Every structure is written in C-alpha cells, then in structure tokens.
Amino acid sequence: MKLNRRHFIATATAASASLSAPMVKAGGHGKPRVVVVGGGAGGATAARYIAKDSKGEIDVTLIEPTRTYYTCFFSNLYLGGFRDIGSIAHSYGTLAVEYGINVVHDWATGVDRDAKTVALAGGGAVPYDKLILSPGIDFVDGAVEGWDLSAQNAMPHAYKAGSQTELLKAQIMAMPAGGTFAMVAPPNPFRCPPGPYERVSMVAHLLKANNPTAKIIVADPKPKFSKMALFQEGWADNYEGMVDWIGPDFGGSDVSVNPAAMTVTIDGEETKVDACNVIPAMKAGRIAELAGVTDGNWAPVNAADMSSKADGDIYVLGDASQQGDMPKSGFSANSQAKVCANAVRGALTGSKVFPAKFSNTCWSLIDTENGVKVGATYEATAEKIAKVDGFISQTGEDAALRKATYEESVGWYAGITSDMFG
Amino acid sequence: MPRFSKLLPLALVALLAARASFGEVAGDPERGAVVFAKCGGCHQVGEGAKNRIGPHLNGVFGRMAAELEGFPYSKSIKRAGADGLIWTRETLDAYIENPRVLVSGTRMSFRGLKKEQDRADVLAYLRTFSDDPSNIPEAEPTALGTDHDLDPAILAIQGDPEYGEYLSNECTTCHQTDGADEGIPSITLWPEEDFVVAMHAYKRKLRPHPVMQMMAGRLSDEEIAALAAYFAKPE
Numbered sequence: 001m002k003l004n005r006r007h008f009i010a011t012a013t014a015a016s017a018s019l020s021a022p023m024v025k026a027g028g029h030g031k032p033r034v035v036v037v038g039g040g041a042g043g044a045t046a047a048r049y050i051a052k053d054s055k056g057e058i059d060v061t062l063i064e065p066t067r068t069y070y071t072c073f074f075s076n077l078y079l080g081g082f083r084d085i086g087s088i089a090h091s092y093g094t095l096a097v098e099y100g101i102n103v104v105h106d107w108a109t110g111v112d113r114d115a116k117t118v119a120l121a122g123g124g125a126v127p128y129d130k131l132i133l134s135p136g137i138d139f140v141d142g143a144v145e146g147w148d149l150s151a152q153n154a155m156p157h158a159y160k161a162g163s164q165t166e167l168l169k170a171q172i173m174a175m176p177a178g179g180t181f182a183m184v185a186p187p188n189p190f191r192c193p194p195g196p197y198e199r200v201s202m203v204a205h206l207l208k209a210n211n212p213t214a215k216i217i218v219a220d221p222k223p224k225f226s227k228m229a230l231f232q233e234g235w236a237d238n239y240e241g242m243v244d245w246i247g248p249d250f251g252g253s254d255v256s257v258n259p260a261a262m263t264v265t266i267d268g269e270e271t272k273v274d275a276c277n278v279i280p281a282m283k284a285g286r287i288a289e290l291a292g293v294t295d296g297n298w299a300p301v302n303a304a305d306m307s308s309k310a311d312g313d314i315y316v317l318g319d320a321s322q323q324g325d326m327p328k329s330g331f332s333a334n335s336q337a338k339v340c341a342n343a344v345r346g347a348l349t350g351s352k353v354f355p356a357k358f359s360n361t362c363w364s365l366i367d368t369e370n371g372v373k374v375g376a377t378y379e380a381t382a383e384k385i386a387k388v389d390g391f392i393s394q395t396g397e398d399a400a401l402r403k404a405t406y407e408e409s410v411g412w413y414a415g416i417t418s419d420m421f422g
Numbered sequence: 423m424p425r426f427s428k429l430l431p432l433a434l435v436a437l438l439a440a441r442a443s444f445g446e447v448a449g450d451p452e453r454g455a456v457v458f459a460k461c462g463g464c465h466q467v468g469e470g471a472k473n474r475i476g477p478h479l480n481g482v483f484g485r486m487a488a489e490l491e492g493f494p495y496s497k498s499i500k501r502a503g504a505d506g507l508i509w510t511r512e513t514l515d516a517y518i519e520n521p522r523v524l525v526s527g528t529r530m531s532f533r534g535l536k537k538e539q540d541r542a543d544v545l546a547y548l549r550t551f552s553d554d555p556s557n558i559p560e561a562e563p564t565a566l567g568t569d570h571d572l573d574p575a576i577l578a579i580q581g582d583p584e585y586g587e588y589l590s591n592e593c594t595t596c597h598q599t600d601g602a603d604e605g606i607p608s609i610t611l612w613p614e615e616d617f618v619v620a621m622h623a624y625k626r627k628l629r630p631h632p633v634m635q636m637m638a639g640r641l642s643d644e645e646i647a648a649l650a651a652y653f654a655k656p657e
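So the protein lines, in turn, are chains A and B.
Counting from 1, one number per residue, gives the positions in the first sequence under the numbering used here.
Counting from 423, one number per residue, gives the positions in the second sequence under the numbering used here.
Here chain A stands alone, though its shape is the one from the complex (with noise of 0.2 Å):
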C-alpha cells in the first residue's frame, strides 16, 4: 500500500501546532509520542505500563477497532463451558480515564516511516516519536485447500476470539447426535501451541454432557505439538475413543475442506462432517507487513527491547514478531510489552533502562479441574530472546495437582487481564 505522504505531514504539523513546549527527545513538538497499534496482551500492557510509568510525561495513543475485546486465552474454556463470553470480554475505559490513553476504536491502514504517521480508516494520521505494533495474527491466503476467510462462517477459525467463538460453539451444539466435528491444525509457528489441544478437549468436554456418540477427528501436518502426551493422555482417559488425531504420518499434513458440502478430506478419503474448525496457516497481523516491518510471515525485532530490525522507531510486540526462543501466547506478549515499555520510556524521557527478562507460563485445561502448565523463562541474546530454564507438567499427577494447576490458571487470568486493562 502506497501512502500519501503530503497528505500524512499535513496533518501532522496541524497536530503538533496544538501542543505545548517542546522536549528535546520529542523532536520539538511538545511531550513525546507514542502510538500503540493493537488492544491486547501486548498493546493494551505496553500502553498501560508507559502511561503508568511516565507520569504524563509522555503522550500514549492506542488504536484497536473493537471496543469490546475478548482474550484468546480462556475462550476455549467458553467453548467447554467453564466460562461465559461475557467474563472474556474488556473495554478500555479504565485505560482511557485512568491511565489518560488517548483509546482510539478505528483500523490502522497503513504506517509512512518517514513522516512518523499512522494512517486510519476513519481518516486522517496519527503521528509518532515511538511506534509501538501488536496486531496480533493474521492468517496466510490459501493456507487451507477449499478455505478463505469468506467461509469463515460456515467454518470457523475461531483463533481471534469473539463472534467466531461463539459461532463456533454454536455450531458444536447444533451437531447431530454422533455428528462429526473436524479441526484443521495449523503449522508451525502459529498463536497459542497447546490452543488447538485444549480446544479439541473442551469440543470433547461439550460433546461428552451433550452429544455422547460424537466423533472428533483432527487433521495435523505436524509430528508433534506442545504437550502432546498430557493431552494424548487426557485424551484417553476422560475422552475415551472420541478424539482421532491424524498426523502427517496417517495424511494429516495433506488435507483440503469444501465450505458448501461441509466435506473434509484427508489423504484423499472425503469425510461429511457436522462442524468443523479450521485454523489456517498464520504470519504477522496486517499492519506490521504494510508498515514494511516484515520478513516473511513475521516480523524480525531485537531481542533486548523489542524494535524493530528494519526501524528503530518501531517495535513489534506479540504472535506478530519474529523473536527467537518465546511461544506466540498472551503471556509472551505481555511480557515482551514490559521490556519495550521500559525501553521506549529510557528512550524517550531519559528513564532508567533495566536489562531485559522474559517469561511464559501456558495453561490449559483438559477436564473439570484438570489443568496442566507449561512455562519458560528467557534472556535476550545479540541473535534472539533465547530459552534460560523450563518446566511442563507431568503425565499422572495427582488429582489434587491438577485442581491447584487449573485454579492458578483462573487466578493468573484475573492478574494479566488486570495487567493489561488496569
């Protein structure tokens, strides 16, 4: 997409001549800027933690479409009944009346380097000193034979939480008695590893109250995922012969679905089947490839602040970067937004800058009170945030753990959507 440019420093120099005393870092045009583009577990913590921290030393904009956002964390757990939609859904009103954000609800479209603006749908730009990207997932065109994002109806991805979770659930309930319910798993890397796993076990959870004879088969161009023996487990011991998992072995990886006749077909056997999940092939959300930040799918940053490798100016957050050793979760995220917060504030306001930490922590559910966890915790490196120390849970643990593990998920849910939102 081709900006144009005079259009962006016209309205930028009309912004700037609003504003009071210049700063020197803020390349004299009053307090200094920053944009953050995308409201979840990055964008919404990073605007957060530099408008917390700086003390209305600097001005924060964030700029996310939707004013109702639903976490992808925790909707699979709506899918199996533990929660309803509404306890997955934030606003940003304490954001904007709190924390003073300047909450913009409109689509970025475009980003010009040079002027430092952010074009929006809505018209008009938005103009930056530090520019923050966190969009999150979007998904590669003809990833899935038979699927764009025009059948996203009649098959869900349900990977960007909201009105397509709920279709999705929608869908599972309407199933026939002994239906089929398919899943289409994504490669390598793609948002949240162990979502498609938790997923298939809350659909299980769903069908085992509702629909006891169903079937679930899982089509997966990959060997292996991640905690792939505690679900296998789960698996069979609270699903039994329900879920049929379909590896690259047995033809999982050759895989095409027809959106009209609600066909899937695997190692060329066509299967009917009564809803079916598919969650295509991923790269970085939109913006960061119209930004021109990208390298591929994904977007290259630097491990000890998170900007960009192809500017400066800008920093990429999220599933969206291209960072090393760290899974693509909220988590993630939210702990890459901490360690840009920190930098772009030094950078800007001449605040103490600490060294970089980053941790992860993954929980999933597989049952009622059946939680497992896997987590890491990371370093930045001069190539890439690399991997220091891990743990995963362990295959026949007790029950007793498995309720503690599952109550500290919902508590750690409570403390990062607080993180985020204020």
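No lab work stands behind these hints, which were simulated from the structure alone.
All of these numbers come straight from a predicted model, not from anything done at the bench.
Heads up, the beta-carbon is just placed ideally off N, CA and C, and yes, glycines get one too.
A hint or two may mislead.
Straight-line C-alpha distance at most 30 Å; calculated DSS-like pairs for lysine-lysine [what the hints assert, rightly or not]:
1. B:LYS627 - A:LYS403
2. A:LYS352 - B:LYS497
3. B:LYS655 - A:LYS52
Quick look at which bits of chain A chain B covers, simulated, 3 or more residues with Cβ under 8 Å [stated by the list, open to error]:
4. 88-101
5. 356-364
6. 372-378
7. 383-391
8. 410-419
Starting from the known structure of chain A, arrange chain B on it as the hints suggest.
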C-alpha cells in the same frame, strides 16, 4: 508418604540435606505440653480433639497440608498441599517458626516460636498424637531443619525499590497488585525479610512450585532484595 513420594523428590532431598547441616535439639514432650498452651487457643489435640479456629492436630505428622475434610483451609495452604507439602518434623518446624515463610497466605496468625528448643519440645509433644510414626524417619536423630538458614549477608542486602518495581512487572502477570488472591497468592505488602526468605527457598527448590522455582532461580540476591523492597511498600 509413599503416595506423594513421586511428587517431591527435589524438595525432600533438599530438606534432608538442609537438616543435616543443623544442630540436633532433642525435644521434651512434657515441656512441649506446656509450650503448646500458645497453640491451644486455636488447635485441639488428643482424644476427642475437633477442628476449632485451626484444624485438630491428631495425626498431623505425615499428613498432607490441608488434607482434613471439612476444615476451611486458606487457598494458600490448599495450594501448598496440592504442590506436595507434607507435614514432617522439618516442615512443621519451619512452619511454626514463622508460618508465613513457608505458606505465605496462611490464615494461621501466629508470630512463631523463635526458640529452637521450644519448637523441638512442642513437636515432640505433638508427635505423641500421631499414630502412624512409620511415615517419619524416626530412626534418624530428630534434628531440626528449616528452609531459612539464609546467610545474614543476603538478608542484609538493601534492595533498590526502583529496580524492584521494574522486576515486579514479571510478578504482576499472575500476582495481582491489589492483593487479590484467587488461585494465586498475594505478594503485596509482604515484610521484606519474609519475602527474601521465601524467594530463596524457591531458588533452592525447598518450596515446591515449578513456576516459582523457575522464576526465583534466575534472580540474583540483589534482585530478590530489590523485589522485596518494592513489594514491602509498593506505590
């Protein structure tokens, strides 16, 4: 204890190792009955003992933390039990010296028995009401081990609260700053010394929780002090 032996190998090994480095104090159950008066306001022990403000203490040795049916335990101690905390000579000794050091969110509001001899005596007394002594390595000397034999030099480190505030960003993904403790304990407003002792106990894998062992494992002594300084008085 066989039921839990798979869960806790590291912690048990560490506790046993820690114990070996401690002096041996023999407990006197008769004197312990007198010391127990400090506990009796909340805990009953002996024939017909019932749960009161605290759970009854019959058979406490070898019991998993928060194991008694029908007692409204704190979330913290339930979590500790689920993580594999078993009441042994060593863990009870650490607990009654300072309950919050071992189980941060415990409801047991007791300042602790600072004298080693008092603890040895009261545990010797309680020991007589545990009817399954096979769970305790009775043949070994009843030496006391705690999880807070920290080098005074570590406790003396003055933490930098500004650095602590930055480091705390990693904690607040899970631990809520407003003190909410659903599923995950609150760490806000902890006394600095308790905080430092607890974090070093995770770092040395004495406290059994894989996330915390990992998080504490890579924090330096100065970073733990900085976090303690921040959480003792967050803004």
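Here is what the structure says about each hint:
no., hint, in the structure
1, B:LYS627 - A:LYS403, "holds (22 Å)"
2, A:LYS352 - B:LYS497, "violated (38 Å)"
3, B:LYS655 - A:LYS52, "holds (17 Å)"
4, 88-101, "violated (count 0)"
5, 356-364, "holds (count 3)"
6, 372-378, "holds (count 4)"
7, 383-391, "holds (count 4)"
8, 410-419, "holds (count 8)"
Violated hints for the displayed structure, listed by number in ascending order: 2, 4.
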